[in-house]
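Chains Y and A are the protein sequences, given in the same order.
Counting along the first sequence from 1, when you hit position 35 you're at 1068 in the working numbering, and nothing is skipped either side.
Counting along the second sequence from 1, when you hit position 99 you're at 110 in the working numbering, and nothing is skipped either side.
Hints were generated in silico from the structure; no laboratory data involved.
Glycine included, C-beta positions come from ideal geometry on N, C-alpha and C.
It is possible that part of the hints are untrue.
Claimed, not checked - A few chain A residues that face chain Y, going by a derived Cβ cut-off under 8 Å, partial list only:
{"no.": "1", "residue": "PRO55"}
{"no.": "2", "residue": "LYS108"}
{"no.": "3", "residue": "ALA113"}
Said to hold, decoys possible - From the structure, some residues in chain A lie toward chain Y, with a derived Cβ separation under 7 Å:
{"no.": "4", "residue": "GLU54"}
{"no.": "5", "residue": "LEU57"}
{"no.": "6", "residue": "PHE111"}
{"no.": "7", "residue": "GLY114"}
As the list claims (entries may be wrong) - Derived lysine-lysine pairs resembling DSS-like cross-links, with alpha carbons at most 27 Å apart:
{"no.": "8", "chain 1": "A", "residue 1": "LYS53", "chain 2": "Y", "residue 2": "LYS1100"}
{"no.": "9", "chain 1": "Y", "residue 1": "LYS1073", "chain 2": "A", "residue 2": "LYS56"}
{"no.": "10", "chain 1": "A", "residue 1": "LYS13", "chain 2": "Y", "residue 2": "LYS1077"}
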Amino acid sequence: DTAVSQTPKYLVTQMGNDKSIKCEQNLGHDTMYWYKQDSKKFLKIMFSYNNKELIINETVPNRFSPKSPDKAHLNLHINSLELGDSAVYFCASSQVAGRLETNEKLFFGSGTQLSVL
Amino acid sequence: RKEVEQDPGPFNVPEGATVAFNCTYSNSASQSFFWYRQDCRKEPKLLMSVYSSGNEDGRFTAQLNRASQYISLLIRDSKLSDSATYLCVVSRGGYNKLIFGAGTRLAVHP
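Bound conformation, chain Y alone (with noise of 0.2 Å):
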């Protein structure tokens, strides 16, 4: 059983169209997250969801909309899409949300290459 599974792994769209990538973890984790890994390879953190509510949201587009309907679910929504957008994602969840333990560790999922035409 995949333990942080994302779909669709690859999605190519048209500039200004509405998308949506979906997220589910099975490891019974408090806290996922959305991170972004551009065409320079820096993975940065997007937004975090600790039991359905947003602890983290990093300096991003008001285009990009997380959902979290569940602790086991966390849904990226992006709007009117634009070039700059093109990048790979991964969903990530992790046990503990308050002070990182330096035992705790981020459990990725296998990343959605999006593409931008």
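Using the hints provided, position chain A relative to the given structure of chain Y.
Structure of chain A alone, referenced to chain Y:
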């Protein structure tokens, strides 16, 4: 200045070599430190946490120097399967806010 800086490499080494990666971080309030490994077109996976006293896991040794804000990873007896990108990761404050470096690419050849 980037919050976490790494030499991008690539480091091209023969099998059996010892290789060391360095990483510096700018936020002195950072509390937790990790090395993640990312294979090409795959998700990052935790390699090891980094403790103040230094720690070892098989062929891998991690060191932390808080005064210099410097982290290192040493890989001994390199294997072909060690070829990957190694990401230095630092926590910033609470709520698991992990800051990733851009990674150092390692290529181990026969």
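Hints, verified against the model:
Interface restraint check for PRO55 of chain A: the shortest CB-CB distance to chain Y comes to about 6 Å, inside 8 Å, so the restraint holds. Interface restraint check: LYS108 of chain A against chain Y, minimum CB-CB distance 6 Å, threshold 8 Å, status holds. At its closest, the beta carbon of ALA113 of chain A sits 5 Å from a beta carbon of chain Y; the interface hint therefore holds under the 8 Å criterion. Annotation: interface hint on GLU54 of chain A holds; nearest CB of chain Y at approximately 4 Å, less than 7 Å.
Using the Cβ-Cβ criterion of 7 Å, the hint placing LEU57 of chain A at the interface with chain Y is satisfied: the shortest such distance is roughly 4 Å. Interface hint status for PHE111 of chain A: upheld, as the beta-carbon distance to the closest one in chain Y is roughly 4 Å, under 7 Å. Annotation: GLY114 of chain A was flagged as interfacial toward chain Y, and the flag holds, the nearest CB pair being 6 Å apart, inside 7 Å. Straight-line distance between C-alpha atoms of LYS53 of chain A and LYS1100 of chain Y comes to about 25 Å, which keeps the hinted pair within the 27 Å bound.
As the CA atoms of LYS1073 of chain Y and LYS56 of chain A are separated by approximately 19 Å, the hinted pair is consistent with the 27 Å bound. Annotation: proposed proximity of LYS13 of chain A to LYS1077 of chain Y holds, straight-line Cα distance about 12 Å (limit 27 Å).
Comparing the model with each earlier hint shows no violations; every hint is respected.
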